[in-house]
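**Q** With the hints as your guide, set chain B onto chain A.
Single-letter residue listing:
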Amino acid sequence: MSAGEATAQAIPRPRRLPPPLACIGLAIVAIGLIMALLGPFLARHGAGELISERPFPAASWALPFGGDHLGRDVLSRLLHAAPVTIGLALGATTVGFVIGLTVGFFTAEVRGRTDTMITWILDILVSFPPKLIALIAIAGLGSSLPILIATLGFVHAPRVARVARAVAMNISAMDFVEAARARGESVLAVMVREIWPSARRPMAVEFGLRVTFSILVLSSLSFLGLGVQPPMTDWGSMVRENMSGIFLGTPAALIPALAIGILTVGINLVIDWIGGSSGRRLTEELSR
Amino acid sequence: MASLVLGRLLLGAVTLLVASLLVFAGTQALPGDVTTAILGNEATPETRAALVERLGLDHPIHVQYFEWAGRFLRGDLGLSLVNDVPVSRLLDLRLKNTFILALATIIVVVPLSLFLGLLCAAYPNGRLDSSISVVSLFLISLPEFLVGIILVLLFAVYWSVLPATSISGFRSFEHLVRALVLPVLTLTFAILAHMVRMTRAAMLEVMRAPYIEMALLKGASRSRIVLRHALPNALGPIINVIALNLGYLISGVVVVEVIFAYPGLGKLLVEAIGNRDLPLLQAVALIMVAAYIVFTLLADIVARLSNPRLRFKQ
Numbered sequence: 001m002s003a004g005e006a007t008a009q010a011i012p013r014p015r016r017l018p019p020p021l022a023c024i025g026l027a028i029v030a031i032g033l034i035m036a037l038l039g040p041f042l043a044r045h046g047a048g049e050l051i052s053e054r055p056f057p058a059a060s061w062a063l064p065f066g067g068d069h070l071g072r073d074v075l076s077r078l079l080h081a082a083p084v085t086i087g088l089a090l091g092a093t094t095v096g097f098v099i100g101l102t103v104g105f106f107t108a109e110v111r112g113r114t115d116t117m118i119t120w121i122l123d124i125l126v127s128f129p130p131k132l133i134a135l136i137a138i139a140g141l142g143s144s145l146p147i148l149i150a151t152l153g154f155v156h157a158p159r160v161a162r163v164a165r166a167v168a169m170n171i172s173a174m175d176f177v178e179a180a181r182a183r184g185e186s187v188l189a190v191m192v193r194e195i196w197p198s199a200r201r202p203m204a205v206e207f208g209l210r211v212t213f214s215i216l217v218l219s220s221l222s223f224l225g226l227g228v229q230p231p232m233t234d235w236g237s238m239v240r241e242n243m244s245g246i247f248l249g250t251p252a253a254l255i256p257a258l259a260i261g262i263l264t265v266g267i268n269l270v271i272d273w274i275g276g277s278s279g280r281r282l283t284e285e286l287s288r
Numbered sequence: 289m290a291s292l293v294l295g296r297l298l299l300g301a302v303t304l305l306v307a308s309l310l311v312f313a314g315t316q317a318l319p320g321d322v323t324t325a326i327l328g329n330e331a332t333p334e335t336r337a338a339l340v341e342r343l344g345l346d347h348p349i350h351v352q353y354f355e356w357a358g359r360f361l362r363g364d365l366g367l368s369l370v371n372d373v374p375v376s377r378l379l380d381l382r383l384k385n386t387f388i389l390a391l392a393t394i395i396v397v398v399p400l401s402l403f404l405g406l407l408c409a410a411y412p413n414g415r416l417d418s419s420i421s422v423v424s425l426f427l428i429s430l431p432e433f434l435v436g437i438i439l440v441l442l443f444a445v446y447w448s449v450l451p452a453t454s455i456s457g458f459r460s461f462e463h464l465v466r467a468l469v470l471p472v473l474t475l476t477f478a479i480l481a482h483m484v485r486m487t488r489a490a491m492l493e494v495m496r497a498p499y500i501e502m503a504l505l506k507g508a509s510r511s512r513i514v515l516r517h518a519l520p521n522a523l524g525p526i527i528n529v530i531a532l533n534l535g536y537l538i539s540g541v542v543v544v545e546v547i548f549a550y551p552g553l554g555k556l557l558v559e560a561i562g563n564r565d566l567p568l569l570q571a572v573a574l575i576m577v578a579a580y581i582v583f584t585l586l587a588d589i590v591a592r593l594s595n596p597r598l599r600f601k602q
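Quick mapping for you: the protein sequence lines, in order, are chains A and B.
Using this note's numbering, read the first sequence as starting at 1 and increasing by one per residue.
Using this note's numbering, read the second sequence as starting at 289 and increasing by one per residue.
Extracted from the complex, chain B is given alone in its bound form:
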């Protein structure tokens, strides 16, 4: 069992390494017209050369990678090219904002999806289950911006009860909450269906077991069967589902933050790409990719530990 966890951790480490190579290759290895992007078309060859030297763009590629990775590991994320602010300072606030958004979404979506998933599993193929199944098929297929636009049209334009953008947001707690409602709702729609369906599937898997039939025959109530008999054994897969969707949340925030002009990591990433701000782009991309990998890894380990058959598989 320990070897299994170690194996997954090793795989995770290799994945992170490959991810850092990809991020590096995708950005720094192809300088393109970074100098033009920063200095504009009018720049003299001298200023260009100075910039190339300052960024270390003249070193061989593999040296650049190790320099970059080394600095990154020491926590030195460099200066943002656009306004010479340390990347870490830009990250600080944005990271916090995205964390708040993700946390608020989790607080809403986890209990809700658990409740609906358990309800579906308690009455499988009943009227409620079938309608949730159809609705979730629709919800899963929709792009986030469609949900976002409809919410903005309804709540911000027609009823004007909530702000459509978050820019003016965070002066007070009340502002923060009002600014969070629509982004959180959009993200909730994006992952709720998936989580409900997977929770239901995990529960039904357990409820096929003979001991559930036994409980049924001895006359235990349905709620007792679901909550006391089945749920504890389905917890592992359910935690797996939650961790997987946390990973999804990381890339889901990009579009949602742009729709609502929410000052978080995702929006920062898009801005960095637009400005070709390499140090910023690398830092944000690597943080997001790493978080995603860690969550999927966690999901995988939990799934394996909670399933004896996987645990002892050779």
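Chain A on its own, in the form it takes in the complex:
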């Protein structure tokens, strides 16, 4: 074993680029993150700045993607809205992910009756249609950023918990975890120091899937006028505002919709590469 390792270290393996589709995905994700961090600083015009008197001015050098229904610069608004779309999705996913991960690892580690109970509750929570639950919650509680994040977190948490439990179940049956338990480590210590390091890769894939899902649901909500409320804008609400322009053949609604689509495709390309095995995981476990 040591000999094999030694040769593997002695001969540097040729550095291989990820497959082309994964490279495209990585580039898209990188651009998305840059837009989320720097978007508002890169925008030439303010989010509410009126550039043209007419609605839907055509694309030109000054307005690369044309103008929107009030004559504002679509590109600038796209950059201003990027932190909202991406930040909100990341925030909501993180909330659901942390809760789900904790519950999943915990129930896999304690097993027994607690596990049966929690699994049963998770089964019930998972059988609610996510988008409808979000709609109902927003109908009752109104639409604000904390509500959007909490609602999506509520949708994510049980689904993440089920995946985390399944992953942790396999790991916690291994000898090194058994050894840690025999040493008298606490449940928390086992969860954090023994299970988590081995669960990172599958859980990273799960996180990516959840981010995509968050982006799609949040954009759909904004598209329906029930997500991010004005004066704040995200890409979904930009689509909504400019839908009337579609019938005039202007791209003002298409551009933000494309931005959302390109970003989610990019994320999924990266996940597909990390998760390996040719999209199988993605398409079969992608819950809507």
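Worth flagging that the hints you see were computed from the coordinates, not collected in a lab.
Possibly wrong hints are sitting among the right ones.
So the derived label-pair ranges between C-beta atoms look like this [stated by the list, open to error]:
hint, chain 1, residue 1, chain 2, residue 2, range
1, B, Ser-376, A, Ala-30, 51 to 57 Å
2, B, Arg-296, A, Gly-46, 52 to 58 Å
3, B, Ser-509, A, Leu-145, 55 to 61 Å
4, B, Pro-520, A, Arg-113, 36 to 42 Å
5, B, Ser-448, A, Ala-30, 36 to 42 Å
Here chain A is said to cover these stretches of chain B; the calculated rule only asks that three of the stretch's residues, wherever they fall, bring their Cβ under 8 Å from a Cβ of chain A [to be verified]:
hint, region
6, 294-308
7, 429-439
8, 553-562
9, 574-585
For every residue, glycine included, the Cβ atom is placed at its ideal position computed from N, Cα and C.
**A** Okay, now just chain B, sitting in the frame of chain A:
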């Protein structure tokens, strides 16, 4: 086996109960400014109080829930707050429209996805399979409104062969069909990839079995192996896939109906939320959630019954 089905049904019943609680809690339990929403800012305290009493908003929460659930079970869905029309009458037409949309989508998407899925499974990792795999990865990631917008731009604006909205739709059968094409196409794009991939996976699972190799060795043709040997054993999982996607269709129609101004349940739901029309909102939400739960439950039961290993698992 019976106990297993009963167990799932029990779980389904509990889920429905929790769902009704959620719908209730999400809407009625937080009256917010229902009175303002209905009567406007100018309303006098007296008219507000009268409305609160008429809606039973002054009763304790749990009493309100049982009153509401009881009326709902008796089929009394109440009056829509906005125009005092019985909710059931509003639902009637919209339900029918959504049913037509869903049915048309199923008629298109089920045979298509079966065909493509079987084709992929017949030549796994071949050129066709790989390209379908990449394309479906893209399609699965796209928001419905992007697909909808592109279809409208192409068919309604540039080529102007189809109507972009369904409002003027239903005067004749021909109008109905023309109005349905774009919404059905959008929904098809939304679920086709998922169904093809899952059909393929279900088939390949079966085709790993030794008896398929046996059939191959004895010289059976590929189409015969796929259709006669593998398909019957993959039917259970495939029906599971179809039922799951029917459930998805229920929430998928919301966005699609709004894009195309299609007068169905989904659009009604969004309108009800916009108007804070509680009785209408509760009825639509509960119907949609219940339909979703029933479909996923059906999918689960079919999957379990068709898999002997799950059937006899303790």
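**Q** Determine for every hint whether it applies to the structure shown.
**A** Now the hints, each set against the structure:
1. Between Ser-376 (chain B) and Ala-30 (chain A), the C-beta spacing of about 53 Å keeps the proposed range 51 to 57 Å intact.
2. Remark: the range hint 52 to 58 Å for Arg-296 (chain B) to Gly-46 (chain A) is upheld by a beta-carbon distance near 56 Å.
3. Ser-509 (chain B) and Leu-145 (chain A) have their C-beta atoms about 60 Å apart, which keeps the hinted 55 to 61 Å range intact.
4. Between Pro-520 (chain B) and Arg-113 (chain A) the beta carbon distance is about 40 Å. The supplied range of 36 to 42 Å therefore holds.
5. Our hint of 36 to 42 Å for Ser-448 (chain B) and Ala-30 (chain A) holds, since their Cβ atoms are close to 40 Å apart.
6. Residue count for the region 294-308 of chain B with a Cβ under 8 Å from a Cβ of chain A: 6. That meets the three needed, and the coverage hint holds.
7. Look at the region 429-439 of chain B against chain A: 8 of its residues bring a Cβ nearer than 8 Å to a Cβ of that chain, three or more, so the hint holds.
8. Coverage of the region 553-562 of chain B by chain A holds [criterion: at least 3 residues with CB-CB distance below 8 Å; count 5].
9. Coverage of the region 574-585 of chain B by chain A holds [criterion: at least 3 residues with CB-CB distance below 8 Å; count 6].
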